Amino acid sequence: MSVRPLRAGQLCPVQAARPALRRARNFAFSEPLMQRALDINRSRFADWYQAVVRDADMAETSPVRGAMVIKPWGYGVWEQIQQELDRRIKATGHENCYFPMFIPLSFIAKEAEHVEGFAKEMAIVTHHRLKMIDGKLQPDPEAKLEEPLVVRPTSETIIGDAFARWIKSHRDLPLLINQWANVVRWEMRPRLFLRTTEFLWQEGHTAHATEAEAVEETRKMLEVYRSFAEDVLAMPVVAGEKPENERFPGAVNTYSIEAMMQDGKALQAGTSHFLGTHFAEAQSIKFQNDAGGMDFCNTTSWGVSTRLIGGVIMTHGDDDGLRLPPAIAPRQIVVVPMLRDKPEDTEVLAYCESLVEALGKLSVFGQRVRVLLDLKKIKSAEKRWNWVRRGAPIIIEIGPRDAAGGNITYMRRDTLRDGDKVRSIAVGRQEFIEEKAVQLLAEIQHSLYSEAKARLDANIKSGVTDWAGVESYFSGSDEEFKGWLRISWSKPSGADLEKVDARLKTLKLTIRNAPSQQPDTFAPCLFTGKPGVEEILIARAY
RNA sequence: CGGAGCGUAGCGCAGCCUGGUAGCGCAUCUGCUUUGGGAGCAGAGGGUCGUGUGUUCGAAUCACACCGCUCCGACCA
176 MSVRPLRAGQ LCPVQAARPA LRRARNFAFS EPLMQRALDI NRSRFADWYQ
226 AVVRDADMAE TSPVRGAMVI KPWGYGVWEQ IQQELDRRIK ATGHENCYFP
276 MFIPLSFIAK EAEHVEGFAK EMAIVTHHRL KMIDGKLQPD PEAKLEEPLV
326 VRPTSETIIG DAFARWIKSH RDLPLLINQW ANVVRWEMRP RLFLRTTEFL
376 WQEGHTAHAT EAEAVEETRK MLEVYRSFAE DVLAMPVVAG EKPENERFPG
426 AVNTYSIEAM MQDGKALQAG TSHFLGTHFA EAQSIKFQND AGGMDFCNTT
476 SWGVSTRLIG GVIMTHGDDD GLRLPPAIAP RQIVVVPMLR DKPEDTEVLA
526 YCESLVEALG KLSVFGQRVR VLLDLKKIKS AEKRWNWVRR GAPIIIEIGP
576 RDAAGGNITY MRRDTLRDGD KVRSIAVGRQ EFIEEKAVQL LAEIQHSLYS
626 EAKARLDANI KSGVTDWAGV ESYFSGSDEE FKGWLRISWS KPSGADLEKV
676 DARLKTLKLT IRNAPSQQPD TFAPCLFTGK PGVEEILIAR AY
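With the first letter of the first sequence counted as 1, position 486 gets the number 661 in the numbering used here; the numbers rise by one all the way through.
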């Protein structure tokens with residue numbers, strides 16, 4: 176099965192979901208219709224993405240422009256992400272805190288680059304009271320704040336303020352803090368999960384006595400993100416360092432993990448920043464060293480957000496909707512009883528209940544298996560397709576014959592179809608409970624990763640050494656799948672880097688990162704012809 | 001915020017050019033039939049056609065403004 180996205184016009188124009196839907200559409204079908212759970216396929220990737228978010232019941236837009244409502248199934252995925260990542264953050268010695276969402280304007284102003292980077296996307300609170308004036312409810316001019324508050328776009332400054340008070344001596348270091356919070360960045364072009372005005376994230380902030388220790392922390396957390404993305408989200412990534420022009424405002428170095436979406440675009444899925452003493456100097460985060468002198472701390476910050484959910488959708492989704500890796504599926508196994516208003520319904524239900532109870536006692540990925548018996552009063556067939564669209568890893572259907580024969584019939588969401596046909600697999604109840612269930616969940620987790628990993632590996636092209644090669648690789652229609660290029664460069668900076676960036680921009684390309692794994696020797700710089708010092712990934716990006 | 005396109009029932013769309021006061025499929029509800037699984041038949045509910053102003057005897061349809069969405073550009077986790 177090809178994992179590459181379908182190209183425009185490659186398949187029938189629309190893969191209608193239900194037979195009757197086909198009649199409603201003004202399309203002439205020359206080929207046998209492929210019935211899918213979505214009414215759109217990945218050839219129109221942006222529309223497909225929105226359809227998955229909607230049909231999988233993940234989220235919807237809200238009355239506030241750019242802000243989204245995360246629905247139970249989408250939030251359930253976030254809760255799984257939080258739970259497992261929180262465990263890993265704590266396992267590396269960090270503690271959770273909570274800081275205010277309001278930051279005094281003067282705090283933000285302290286670090287010059289930091290202000291510049293965020294000034295354009297700030298929400299500002301200026302009043303603390305409303306008043307009816309001329310029949311209109313509006314901010315009371317007499318209740319103006321002496322100092323405006325910005326709604327945090329990130330918390331370096333307010334946490335730095337606390338750090339300055341908390342840290343006195345080298346014995347207070349390292350200070351390792353994390354917080355789960357919402358942040359606001361006034362985005363011009365919102366997209367559900369990928370870029371919203373308000374989003375949920377986790378932000379780690381640490382302070383260290385030495386540069387070496389802070390750099391190590393920065394890399395350690397990048398590695399936590401890499402392994403989390405790959406092991407838990409089944410989303411292969413390339414970890415590496417961002418070029419100078421893509422750094423976090425105020426950082427010395429920024430590292431990222433980059434994931435490849437099914438349209439070939441790169442998604443920055445997590446970042447880790449070494450901040451040097453920039454914020455420490457701006458905010459006086461100092462400590463007395465063991466020789467009695469005063470030193471500035473070296474600080475770091477790192478974060479991942481609800482954007483990860485968008486990454487999961489665009490990594491694993493198919494033409495039937497979402498496919499969730501079992502490790503983050505709010506429900507890993509969903510049992511759909513096939514009821515038909517007949518006496519044997521009672522037996523079917525009892526059989527389902529005992530099955531769900533037995534499955535719920537199993538463990539996988541170090542936790543109890545999450546099972547749901549779907550008793551919603553809608554047609555059984557409708558239930559099945561709802562769970563297909565939502566991406567439940569295993570969907571079990573139980574009819575009277577299963578109940579009587581001690582069997583179960585299941586579908587794997589990752590390999591739902593054989594050609595166009597849905598694959599329903601029958602197996603003995605005991606066998607399923609005792610071996611299959613756990614084994615299948617592990618297998619699905621693994622197979623989703625392998626599929627995505629194969630796509631990533633197959634679509635990072637090396638060996639292009641000149642600009643003409645870049646142009647030809649990224650030529651053609653924008654609808655077409657384009658992967659990434661891995662090229663050698665001389666790592667220019669300042670104005671020279673800007674030139675490179677401008678050139679890349681003509682092809683809508685950006686430098687993603689310089690992968691951590693580098694070869695021993697380098698081809699000459701693709702841009703300047705000078706000796707190469709590093710390999711970087713260039714790609715179109717979200 | 002600039003360029004383009006689009007906003008008609010929960011979803012997907014037709015109607016708009018050539019104004020006469022709203023239609024299709026899916027979904028929803030009811031009844032009957034059906035039942036190893038995305039069922040059939042009959043009937044029903046649901047829309048002040050994004051918002052406002054204007055033109056007109058009459059506006060989903062024409063004009064203007066605003067709002068929102070999508071794509072492209074600038075910005076970004």
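Simulated from the structure, these hints should not be mistaken for laboratory data. Wrong hints could be hidden among the right ones.
Pairwise CB distance ranges, derived in the manner of DEER restraints [stated by the list, open to error]: (1) Met469 / Ser637: 43 to 51 angstroms; (2) Thr385 / Leu682: 38 to 46 angstroms; (3) Thr385 / Gly644: 50 to 58 angstroms; (4) Gly467 / Thr267: 28 to 36 angstroms; (5) Gln614 / Asn420: 46 to 54 angstroms; (6) Ile553 / Ser668: 35 to 43 angstroms; (7) Glu419 / Gly467: 50 to 58 angstroms; (8) Asp671 / Thr696: 43 to 51 angstroms; (9) Gln258 / Ile553: 54 to 62 angstroms; (10) Ser668 / Arg340: 52 to 60 angstroms; (11) Lys680 / Phe277: 32 to 40 angstroms.
Here the structure is a predicted model, which means the values were calculated and not measured. Quick reminder that beta carbons are idealized off the backbone N, C-alpha and C, glycines included.
- For the range 43 to 51 angstroms, tell me whether the beta carbons of Asp671 and Thr696 fit it or not. Since the Cβ atoms of Asp671 and Thr696 sit about 23 angstroms apart, the hinted range of 43 to 51 angstroms is violated.
- Satisfaction of the hinted span 54 to 62 angstroms by the C-beta atoms belonging to Gln258 and Ile553: Since the Cβ atoms of Gln258 and Ile553 sit about 30 angstroms apart, the hinted range of 54 to 62 angstroms is violated.
- Cβ separation of Glu419 and Gly467, checked against the hinted range 50 to 58 angstroms: For Gly467 against Glu419, whose Cβ atoms are near 37 angstroms apart, the range 50 to 58 angstroms is violated.
- Message: Given a hint of 43 to 51 angstroms, does the C-beta separation of Met469 and Ser637 actually sit inside it?
- Response: Cβ of Met469 to Cβ of Ser637: about 49 angstroms, so the range 43 to 51 angstroms holds.
- Given the hint of 46 to 54 angstroms, check if Gln614 and Asn420 actually sit that far apart at their C-beta atoms. 47 angstroms, holds
- How does the Cβ-Cβ distance of Thr385 and Gly644 compare with 50 to 58 angstroms: does it lie in that range? Violated: the Cβ-Cβ distance is about 43 angstroms, outside 50 to 58 angstroms.
- Task: Just tell me: holds or violated, for the beta carbon distance of Lys680 and Phe277 against 32 to 40 angstroms?
- Result: Since Lys680 and Phe277 have Cβ atoms about 36 angstroms apart, the given range 32 to 40 angstroms holds.
- Between Thr385 and Leu682, does the C-beta distance stay in 38 to 46 angstroms? Since Thr385 and Leu682 have Cβ atoms about 42 angstroms apart, the given range 38 to 46 angstroms holds.
- Item | Satisfaction of the hinted span 28 to 36 angstroms by the C-beta atoms belonging to Gly467 and Thr267 | Hint holds: Cβ distance 31 angstroms, inside 28 to 36 angstroms.
- Query: Is it true that Ile553 and Ser668 lie within 35 to 43 angstroms of each other by Cβ?
  - Reply: Check failed, 60 angstroms falls outside 35 to 43 angstroms.
- Can you let me know if the beta-carbon spacing of Ser668 and Arg340 is within 52 to 60 angstroms? Hint violated: Cβ distance 36 angstroms, outside 52 to 60 angstroms.
Checked against the numbered hints above, the structure violates hints 3, 6, 7, 8, 9 and 10; every other hint is satisfied.
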